[in-house]
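Asker: One letter stands for each residue in the lines below.
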Amino acid sequence: MSAVDASVLIPATAAATPAPVADEGPTRWERARKVVLPALLLVAGLALWQYVTATGKIDALILASPAAIVSAFSTSGGEILANMLVTLGEALAGFAIGNTLGLLIAIAFVHSDLTRRTIYPLAIAAEAVPIVAIIPVLILWLGNGMAPKIFIAVFLTFFPMLVNAYRGLRSADTDVKELLYTLSASPRQVLFMVRLPASVPFLFNALKLTACTCVVSSIVAEWLASSEGLGFLITLYGARYQIPEVWATALTCTAMSLCVFGAVVVAERLAMPWRRTAST
Amino acid sequence: MSFRFPRFPVSAPVRDTGPMMTTTMAASDPGPIGLRAEAVGMTYRRGQHETVALAECSLDIPRGTWASLIGASGCGKSTLLRIFADIVKPTAGVATLHGLSPAQARANRTFALVSQQSTMLPWRKILGNVELGLEVAGAQPVERRNTAMQMIELVGLAGFENAYPHELSGGMRQRAAIARALTLRPQFLLMDEPFGALDEITREKLNFELLRILRETGATMLLVTHSISEAIILSDQVAVMTPRPGRISHLVRIGFGHDRTAAMRDDPRFTACEAELRHALHGGAPLH
Ligand SMILES: Nc1ncnc2c1ncn2[C@@H]1O[C@H](COP(=O)(O)OP(=O)(O)OP(=O)(O)O)[C@@H](O)[C@H]1O
Ligand SMILES: [Mg+2]
Numbered sequence: 058m059s060a061v062d063a064s065v066l067i068p069a070t071a072a073a074t075p076a077p078v079a080d081e082g083p084t085r086w087e088r089a090r091k092v093v094l095p096a097l098l099l100v101a102g103l104a105l106w107q108y109v110t111a112t113g114k115i116d117a118l119i120l121a122s123p124a125a126i127v128s129a130f131s132t133s134g135g136e137i138l139a140n141m142l143v144t145l146g147e148a149l150a151g152f153a154i155g156n157t158l159g160l161l162i163a164i165a166f167v168h169s170d171l172t173r174r175t176i177y178p179l180a181i182a183a184e185a186v187p188i189v190a191i192i193p194v195l196i197l198w199l200g201n202g203m204a205p206k207i208f209i210a211v212f213l214t215f216f217p218m219l220v221n222a223y224r225g226l227r228s229a230d231t232d233v234k235e236l237l238y239t240l241s242a243s244p245r246q247v248l249f250m251v252r253l254p255a256s257v258p259f260l261f262n263a264l265k266l267t268a269c270t271c272v273v274s275s276i277v278a279e280w281l282a283s284s285e286g287l288g289f290l291i292t293l294y295g296a297r298y299q300i301p302e303v304w305a306t307a308l309t310c311t312a313m314s315l316c317v318f319g320a321v322v323v324a325e326r327l328a329m330p331w332r333r334t335a336s337t
Numbered sequence: 002m003s004f005r006f007p008r009f010p011v012s013a014p015v016r017d018t019g020p021m022m023t024t025t026m027a028a029s030d031p032g033p034i035g036l037r038a039e040a041v042g043m044t045y046r047r048g049q050h051e052t053v054a055l056a057e058c059s060l061d062i063p064r065g066t067w068a069s070l071i072g073a074s075g076c077g078k079s080t081l082l083r084i085f086a087d088i089v090k091p092t093a094g095v096a097t098l099h100g101l102s103p104a105q106a107r108a109n110r111t112f113a114l115v116s117q118q119s120t121m122l123p124w125r126k127i128l129g130n131v132e133l134g135l136e137v138a139g140a141q142p143v144e145r146r147n148t149a150m151q152m153i154e155l156v157g158l159a160g161f162e163n164a165y166p167h168e169l170s171g172g173m174r175q176r177a178a179i180a181r182a183l184t185l186r187p188q189f190l191l192m193d194e195p196f197g198a199l200d201e202i203t204r205e206k207l208n209f210e211l212l213r214i215l216r217e218t219g220a221t222m223l224l225v226t227h228s229i230s231e232a233i234i235l236s237d238q239v240a241v242m243t244p245r246p247g248r249i250s251h252l253v254r255i256g257f258g259h260d261r262t263a264a265m266r267d268d269p270r271f272t273a274c275e276a277e278l279r280h281a282l283h284g285g286a287p288l289h
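Residue numbers (the numbering used here), protein chains in the order written: chain A, 58 to 337; chain B, 2 to 289.
No wet-lab data here; the hints were simulated from the structure.
All clues given are correct.
Selected chain B positions facing chain A (Cβ under 10 Å, derived; list incomplete):
#1 108
#2 112
#3 114
#4 125
#5 136
#6 178
#7 181
When the alpha-carbon atoms are kept at most 20 Å apart in a straight line, the in silico SDA-like pairs for lysine to any residue are as follows:
#8 A:234 x B:125
#9 B:126 x A:331
#10 B:126 x B:142
#11 A:234 x B:136
#12 B:90 x A:233
#13 B:206 x B:266
#14 B:90 x B:50
#15 A:234 x B:118
#16 A:234 x B:139
#17 B:126 x A:332
#18 B:126 x A:246
#19 B:126 x B:154
#20 A:234 x B:89
Predicted model, so just to flag it, every value in this text is computed and none were measured.
From the three backbone atoms N, C-alpha and C, an ideal C-beta is built for every residue, glycine too.
Can you make the complete structure from the sequences, with help from the hints?
Answerer: Structure, rendered in C-alpha cells:
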C-alpha cells in the first residue's frame, strides 16, 4: 500500500510546480495534466484492486491481485515476451500490408473511375463479411500459423484505409488543384505534391482506427487455434489455472496495443510539422 | 516596343457589339498580339439556374503592355482572368494569348496566374511554395532555390522563407504568391487583386517593384484591382467593367510611358485619369 501511495505523490508533486514558461503553446502544467490525471486514476484503480484482492473480498481465482501479477511477470516474463513478439509480428505485418493495399487502391481509384466502379462495390461487400465468424474457415484454409492472423489483420485494416485515403486524396482545396493545373503539373506531380500531403490527416485517422484492432484480431485468432502468440498463451494459462499469468498476458496485450497506437500518434505529429505550429 | 502610347488619356467608349469594339481597338493599336478576348461570353449553369458572368466581352492587350480590369464586385473580372488561365472555358467567343489558345499557353507555361486567394500549399514552407512553379517545370534544385530566394527577397519576405503559410499575414501570403508567379519569368502575368490585402505604403512600393520587373521581363500583364490609382500606376489601359452581364463599358488609356516613378501621382494627367475612371465606374457616359 505504501508503495502505491508514494507513486501517487510523485506525479502530484511534479505537477504542483507549474512551469513558468508560457511562450509557445500549452504551458508545461497543461501538458503534464494530460498525463497526470489519467495516471492518478490508474493508480487509484490499482490501489482499489490490490485492496479487494488482498483482503479476499474477491476470490483470487476470479481476480488475481496486482502483486500476484507482478510475480507472474517475473516467473513467466520470458515466455510472455517471446509470444508477444509473435503476436506483434502478425499484427504489424497485417497492419502494414492492409494499409499499403488500401492506400494503393485508393490512389488507383482517384486516377481511374473504372477501377473505382469495379472494385468499390466488391470492397464494400467484403467489408460486410463478419471476419471473426469465418476465422475457423480461414484456419482450415491457411493453417494455424501466422498466415491466417496476418490475413485477418489485413482484412480489417484495408477497408478503413481505403475509404479514408480515397477521401483524403480528394480533399485538397479547389484553389490548390487549380494552382497545380495552371502550372501544368502532371498527374504524378499532383499526386505527390498535393494529393498525398493533403491526405495525411485522413491516413492517420485510418491508422488510428485500426492500430488496436489488428492487435486484437491477431489475439482472437490465436486464441481460437494456434501454438504460439499471446492469444494462445492465455488459453494455455487458463487451462492450467495460472490466473496471475492470464492477467499478466492480458496486460501485455493491452500494453502492446497501446504502444502500437502510441507509435501511430507520434508518427502523426512527426508527419505533419505544418500542423504543429497551427493554433492549438 | 512598337506600341506607342497616346500622350493624353483617351477614353474609348465601347458599344455592346464585340466586332465593333475590335475595330475600334485595331485602329489605335498597331502593337503585336498579346492577350485578346473576342466577344467572350460566359454563362455559369447550375441546374436550372443560370448566371451570365460575361457577355460579348472583348479586350485587346498588345504584347508587352499592361492592362487593368476594374469594376464592381461580381461583375466577372475573375471569370475573364480564369478564362485566360484555362481554368474555365468560355461559353462563347475566344480568348487567345499571343495567338495561342489558353490550353496551349498553359501547356507551354507562358503565363502565371496570381489568384485572388493567394493560394499556398499549407504543408510547404514559404520557400517550398515559391519554388513550386519551378519544381513543377522541372528546374534543378539549386537553380530553383536561388531564384525563389531572389524573388522572396524582392517581395520583402526575406527571413520568412522557413515559415508555414498559416504563420503569415494575408498580405505576406499575397506577396509570396507574387514571388511564385515571378520565378517562372512568365510572358503573361495574370493577377487577380494581388495587392488587395496590403497597406497603402507596401502596396505602392510593390506596385513600383512590379513595374520594374515588367520592364525587365517585357511581360504582358492583365491585372484585376479595386484601386483606381493602382490601375493607373500599373497600366497602359484600364478596362472598366459593368455587371450583369459583365462587359467592358469603358476603356481608358493611360498616357504614361513605361518609365514611371512615384512622381506620376502628381502629374495632372494622373488626376484626369482618376476622374475619368471614377466617372466611368459610376456608369457615366464618356467625358469627351
Ligand atoms: N463557379 C461559378 N459557378 C457559378 N457562378 C459563378 C462561378 N464563378 C463566378 N460565378 C458568378 O459569376 C459572376 C462573376 O464572378 P467573378 O468571380 O468573375 O466576379 P469578380 O468581378 O471577380 O468579383 P470580385 O471583385 O468580387 O472578385 C458572379 O455573379 C458569380 O456569382
Ligand atoms: Mg474576383
